[in-house]
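Chain by chain, the residues:
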Amino acid sequence: MTQDAISSLVRRLDTAGQTKGLMKRYYTDLRNSREEGKVMAWSYGPVPFELMRAMDIRFAHLESYGAYLAARQGQAFLKELAHRSGYSPDICSYARLTQGVHMMAQSGDTSEVRPELLIPQPDFLVAVTSCHLMANTYDFQQRQLQKPGFCIDVPFMNKWADFEEAVAHVKRQLIDFIGFLEEIKGHSFDYDRLKELMAKVKEAAMLRAYCIKMSQTHPAPMTIFDHFICLGPMHVWRGTNESVEFFKQLKAEVEYRVENKIGAIPDEKYRLYWDNLPIWFKVGRLSDKLGSLGANLIAGVYTHTYFYSHEPEKIDLDDPVGSIARELCWITWAFSNVEARTERIQKLCEDFQIDGLVMHSSRTCQPMDIGQKDMVDAIEKRLGIPGVVIDGDPTDPSYYSDAQTETRLEAFIELLASRRR
Amino acid sequence: MEQVLSKLRGIADQPYEYLRQWKQENGRKIIGCMPMYVPEELIHAAGMLPVVLQKTDEEIEQGPSNVQSYFCGIVRCIGEMIQEHKLDWMDGIVSPDTCLAIRGLSNIARMHKREGEYHFDLVLPLSIKNKAAEPYLRAQLAKFKATLEDHFGVKIENEALRRSIGVFNENRALLRQIYALRRDNPALISAADLSSVVLASMVMPKEEHSVLARELIGGLQKKQASAGDAVKIVLSGSLCEFPTREILDLIEEAGCTVVGDDLYTGGRYINADLATDGDPMAAIVHRHLNMVIPCPTRFDQGRDLGSYLIDLVKANRAEGVIFLIVKFCQPHDMHHPFASDKLDDAGIPSMVIETEYEMPSVGQVKTRVQAFLEMLRRNTQ
Chain A
1 MTQDAISSLV
11 RRLDTAGQTK
21 GLMKRYYTDL
31 RNSREEGKVM
41 AWSYGPVPFE
51 LMRAMDIRFA
61 HLESYGAYLA
71 ARQGQAFLKE
81 LAHRSGYSPD
91 ICSYARLTQG
101 VHMMAQSGDT
111 SEVRPELLIP
121 QPDFLVAVTS
131 CHLMANTYDF
141 QQRQLQKPGF
151 CIDVPFMNKW
161 ADFEEAVAHV
171 KRQLIDFIGF
181 LEEIKGHSFD
191 YDRLKELMAK
201 VKEAAMLRAY
211 CIKMSQTHPA
221 PMTIFDHFIC
231 LGPMHVWRGT
241 NESVEFFKQL
251 KAEVEYRVEN
261 KIGAIPDEKY
271 RLYWDNLPIW
281 FKVGRLSDKL
291 GSLGANLIAG
301 VYTHTYFYSH
311 EPEKIDLDDP
321 VGSIARELCW
331 ITWAFSNVEA
341 RTERIQKLCE
351 DFQIDGLVMH
361 SSRTCQPMDI
371 GQKDMVDAIE
381 KRLGIPGVVI
391 DGDPTDPSYY
401 SDAQTETRLE
411 AFIELLASRR
421 R
Chain B
1001 MEQVLSKLRG
1011 IADQPYEYLR
1021 QWKQENGRKI
1031 IGCMPMYVPE
1041 ELIHAAGMLP
1051 VVLQKTDEEI
1061 EQGPSNVQSY
1071 FCGIVRCIGE
1081 MIQEHKLDWM
1091 DGIVSPDTCL
1101 AIRGLSNIAR
1111 MHKREGEYHF
1121 DLVLPLSIKN
1131 KAAEPYLRAQ
1141 LAKFKATLED
1151 HFGVKIENEA
1161 LRRSIGVFNE
1171 NRALLRQIYA
1181 LRRDNPALIS
1191 AADLSSVVLA
1201 SMVMPKEEHS
1211 VLARELIGGL
1221 QKKQASAGDA
1231 VKIVLSGSLC
1241 EFPTREILDL
1251 IEEAGCTVVG
1261 DDLYTGGRYI
1271 NADLATDGDP
1281 MAAIVHRHLN
1291 MVIPCPTRFD
1301 QGRDLGSYLI
1311 DLVKANRAEG
1321 VIFLIVKFCQ
1331 PHDMHHPFAS
1341 DKLDDAGIPS
1351 MVIETEYEMP
1361 SVGQVKTRVQ
1371 AFLEMLRRNT
1381 Q
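Going down the list, the sequences are from chains A and B. When the count follows my numbering, it moves up by one through the first sequence with no breaks and lands on 421 for the last residue. When the count follows my numbering, it moves up by one through the second sequence with no breaks and lands on 1381 for the last residue.
It is worth saying that the hints were derived from the structure and are not from the lab. Just so you know, not all the hints are guaranteed correct.
[Said to hold, decoys possible] One side only, chain B facing chain A, incomplete, derived with CB under 7 Å: (1) Ser1069; (2) Gly1104; (3) Met1111; (4) Asn1130; (5) Asn1169; (6) Phe1299; (7) Pro1331.
[As the list claims (entries may be wrong)] Mimicking SDA-like on lysine to any residue, the simulated pairs with C-alpha atoms at most 20 Å apart in a straight line are: (8) B:Lys1131 - A:Pro148; (9) B:Lys1327 - A:Pro89; (10) A:Lys147 - B:Lys1327; (11) B:Lys1113 - A:Trp160; (12) B:Lys1113 - A:Pro89; (13) B:Lys1029 - B:Lys1145; (14) A:Lys171 - B:Lys1145.
In this text the structure is predicted, and so the values were computed from the model without any measurement. In this text, a Cβ means the ideal position worked out from N, Cα and C, and glycines have one as well.
When you get a sec, could you build the whole thing from the sequences and use the hints?
Below you can see the structure in the form of structure tokens.
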């Protein structure tokens, strides 16, 4: 993922460094899928990779790929390509990078990108509507490429009572999607293989959940930025031995830190919550800035909700498709329902003894932003924990200012200090 | 006829003023529908007035809002009204989960709702050709109906629903008749007036609107007018909100005349009738899953907006298309390039006007429209 210079103040995790090699391997495999005779998909949103892995289908996750390319070759050319295709700068920055990838392939001019970073055109496309904007990107590209497509619709849930109905609806679509995959591959789906895969997903997710929980100790052994960087193995690598091994190592390293009271930052005074996606291009600088103020970002709704982080022990190996449907619905529930998200934040604040909320208001990510003011008000009222809103964007630096953000963070830490006095 | 138009214009300009007064006089319940696809017929059949919530500058103080400034006008406006309790006189709100901004807005409405107020998220399928979409939508509509019945202590019989569908179909048919008159002689009614007439139908009881629409049709049929050499264009877009009279007027003042549109306060709102025989709930399901005008908020629709617009341009013998895109409407932003490329391929020129909550320099927009029209004129020479 895109990130800036590695922080000097925060103690890096050795295990986290391995994600780089894993991601490189993942993209090499994708690049070689044609030569190796593999079917390949382009995918958008939190797609059920497990189902494709069980069919031995390789999958590019287009928004991650856009961000990956941007980190290595700069993002300007991708955004320019998106802009030339008619995408305005108000559009989700991930979607613009994703559109840039597509437009580059359409133009046939890939001279901006080192050949080893390129991936082939897809045999089919698949999206999930958890984020409508990624589904919009899918819709555009599918129509332009004229390749088979499948869009899994995850409905909004107004109240918890709607949850099971949504799961049934998504499960039904996943079964239809399996039928779609069978048609593409020309053979039937191997449910035993899926079961084996899900067992690995479960094992890795439980290891990861354990690592997350370790930060309930003082000082916390990990920062939220470590969690962001360690997402890859739970994302495109989930369901593999590599993923399980990665989290075993991470667990050992985190346990060592806890036993020896080694915090992620040298002098932890304030424990903060991070809302929304990371500001990828400022991960290092922000963690340094906060570290220098004695503050560590411990928990976040994105890292602590997505990627099977919620009750992984409940993954049902006898109903793997149902468990995938449940995860997809949980994501939408915990993100899109402002009350559910507020409750989730409250729970994280209590579990991790949080002192303050840092709300990243990400300029082009409307779905994650709307209602943030109401969430801050609710948490302040319920727990007396204050919050600060900082303006940024996951990948577009033009919506970010170092000076403004850092001044706000300093003032916020000052506020936390004064409350303690 | 001028009197009728002026009345409808007044309602379109100040919908909330009209509604508060209407409620005072009639004492009936009003349900606010967030745009765009709430099946209002069901609310009508429950004996209440369904109203499509509108963007307004009637009483907004523009203070610090719970909705960030990079959201579209309608979402910011309704968000502010909810926060300031300016909609408390309504009896409930229904949100059809149109896009993620509307979804967020619905969340805010639910968190701020008063005791006893009705609130429902009618989750309409996004991927409308999925096999699972049909049974799911059926179940959602049944739930919507049941919550209306429970909350307001009414029973919505199929017979009543069919009657309501009849009332709505009739109103839509009358509006389409005005569209047909405009197509044949665009000088009969301005784009701003026609869009205001549609907007008024979103606000007032359809029965009353139909009476006025009939009068209007009578007047238009007798009217003598000529558009001269104005360039014929089609307007597309302005999802969820009225583009404002200023914008529509300036487009026509620049030297063109609008012969067709798919605006939300226009063609999109009035295009699809429901069958009056058979199961009325099935008819509502069918309408949503077979949208006549492709929508940027849906996926895998089969048909695309570009092809629809090509047909609309041909049917109305227009020269070009002007897209009205609401600033910060991401679904439309992302859908639009494909549609405009399609038009390009068919040799139909198009341009985009971005419409903002607080409208910037109107002069600049006018200059751009004039430049576009010059290009269209050169094309036809």
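Hint check:
1. Ser1069: 10 Å, violated
2. Gly1104: 3 Å, holds
3. Met1111: With a minimum Cβ separation of about 6 Å from chain A (threshold 7 Å), the hint on Met1111 of chain B holds.
4. Asn1130: For Asn1130 of chain B, the interface hint holds, since the closest Cβ of chain A sits about 6 Å away, which is under 7 Å.
5. Asn1169: Nearest chain A Cβ about 29 Å off; hint violated.
6. Phe1299: Since chain A brings a Cβ to about 5 Å from Phe1299 of chain B, closer than 7 Å, the hint holds.
7. Pro1331: Where the cut-off is 7 Å and the nearest Cβ of chain A is about 6 Å from Pro1331 of chain B, the hint holds.
8. B:Lys1131 - A:Pro148: 16 Å, holds
9. B:Lys1327 - A:Pro89: 11 Å, holds
10. A:Lys147 - B:Lys1327: At roughly 31 Å apart (the allowed maximum being 20 Å), Lys1327 of chain B and Lys147 of chain A break the hint.
11. B:Lys1113 - A:Trp160: 18 Å, holds
12. B:Lys1113 - A:Pro89: Answer violated: Lys1113 of chain B to Pro89 of chain A is near 34 Å, above 20 Å.
13. B:Lys1029 - B:Lys1145: 16 Å, holds
14. A:Lys171 - B:Lys1145: 25 Å, violated
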